[in-house]
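Visitor: Sequence:
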Amino acid sequence: MNKDDELRVEEAAVEYNRKYTVEEYQKFREHTRAELHEGTIVVMESPTRKHQGVLANINYKLRQFLEGKTCKVYTSSFSVRLNEKENSFFEPDIVVVCDEKKLTVKGCLGAPDMIVEILSPSTSLYDRKYKFNKYQEAGVREYWIVDPEIDMVTANTLENGGYIGRFYTAEDTVPVTVLQGCEINLADVFNDW
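Counting in the numbering used here, the sequence shown runs from 66 upward without gaps.
Hints should not be assumed to be uniformly reliable.
Below, computed lysine-lysine pairings styled on DSSO-like, alpha-carbon distance capped at 30 Å [to be verified]:
#1 Lys-134 / Lys-167
#2 Lys-115 / Lys-126
#3 Lys-150 / Lys-167
#4 Lys-199 / Lys-166
#5 Lys-150 / Lys-171
#6 Lys-167 / Lys-92
#7 Lys-171 / Lys-84
Treat the hints as calculated values from the structure; they're not laboratory data.
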């Protein structure tokens, strides 16, 4: 390891017993795949090949549907800050934003219209509990939790301030409720992996 590598490792070291500011997180994020949850840096592991394939397939379907429309789709590393008051930044796998006023140079400030999180063993609890609650509180209208291990999607739609979840398997076609007319065949999403 040369001196530059040692410097990068030291810069990316996390102290888990302290809270970080947004500015510190943004510097840290340049070196490591991480999110900021209420001042705590959460380092994320590299995704698996299947995770990346499923992400690419969903992104492709959404991108095809949105071509020529005002809504835009983004993939990680695209930062989402649900509001300026909270000391949190998320990097969802897929984000759909229909209000261009929410877009910043590096991401989105405010609730996106749709978020897709593809589960990994290290982030499953965060995605199912912590992010679920944060996205719901912030008003993210549709939140998909994709489990690539069992080829299942939980499509949560915001109704009366709370999420209603519907479960879909690889044989199903899922309507994207925030994008009228958009449907994604899960056989196309989970194939070849």
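Visitor: Evaluate each hint against the coordinates.
Guide: Each hint, compared with the structure:
1. Lys-134 / Lys-167: holds (16 Å)
2. Lys-115 / Lys-126: Since the Cα atoms of Lys-115 and Lys-126 sit roughly 17 Å apart, the hinted pair holds (cutoff 30 Å).
3. Lys-150 / Lys-167: holds (15 Å)
4. Lys-199 / Lys-166: At roughly 21 Å apart (the allowed maximum being 30 Å), Lys-166 and Lys-199 satisfy the hint.
5. Lys-150 / Lys-171: At roughly 18 Å apart (the allowed maximum being 30 Å), Lys-171 and Lys-150 satisfy the hint.
6. Lys-167 / Lys-92: Judged against 30 Å, a Cα distance of about 22 Å means the pair holds.
7. Lys-171 / Lys-84: holds (22 Å)
The structure is consistent with each of the numbered hints, conforming to all of them.
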